Amino acid sequence: MIRLAFGRLPGGCLYQRPPFHRFSTRKSSTEEHSGRPPCPPFTFDTAVQKVRMAEDAWNTRDPERVSLAYTVDSSWRNRSEFINGRQEIVALLTRKWQRELHYRLIKELWSFHGNRIAVRFAYEWHDDANKWYRSYGNENWQFNHNGLMEVRYASINDLSIREQDRLFCWPLGRRPDDHASLSQLGL
3 MIRLAFGRLP
13 GGCLYQRPPF
23 HRFSTRKSST
33 EEHSGRPPCP
43 PFTFDTAVQK
53 VRMAEDAWNT
63 RDPERVSLAY
73 TVDSSWRNRS
83 EFINGRQEIV
93 ALLTRKWQRE
103 LHYRLIKELW
113 SFHGNRIAVR
123 FAYEWHDDAN
133 KWYRSYGNEN
143 WQFNHNGLME
153 VRYASINDLS
163 IREQDRLFCW
173 PLGRRPDDHA
183 SLSQLGL
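Under this note's numbering, the first residue of the sequence shown carries the number 3, and numbering increases by one thereafter.
I should point out that these hints are in silico values taken from the structure, not numbers from a laboratory. Quick caveat, the model's predicted, so the values are computed rather than measured. Positions of the beta carbon are idealized from the N, C-alpha and C atoms, including for glycine. It is possible that part of the hints are untrue.
Distance windows between CB atoms, simulated [claimed, not checked]:
1. Arg101 <-> Ser36: 28 to 34 Å
2. Thr45 <-> Arg101: 24 to 30 Å
3. Arg101 <-> Cys171: 18 to 24 Å
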């Protein structure tokens, strides 16, 4: 479990300081031997690799598979929801992909340091009324020493688009290597 630290801002307002340690000590017995390389500390190349691996996993739309990249007690803030542990991750992703149909995602590295990575992303999807959206967001990730994500903060905004304005049109699944990135698309 993550222990939360609190502090006071000038004026007395209470704020939560995010947990930070160079390498996490959080692990379960099964996670001690089952890592998810690349592992921290990240280099530019390994951070880019980690981001693409996450993108590829999410584009499968398989909640069980995606959940294996996270610690068993992973802590998320996703939009307005607070999620704790793989079971809740699977439940959230199951609901998500039942609602967000024909989901296609692109992630892009924003920054990295030690065991943390920040990404920006966009994904396109439609609802059951065939109304299309492009969702934009930012994520902050923190990994344990085995390369499993233990903390994820995600802020996401949805923009209604016309079907003819879609930019993510590859067949469902992994984004082709020659498909434009977010920066190349001007997003």
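Item checked: Hints the structure fails to honour -> 2
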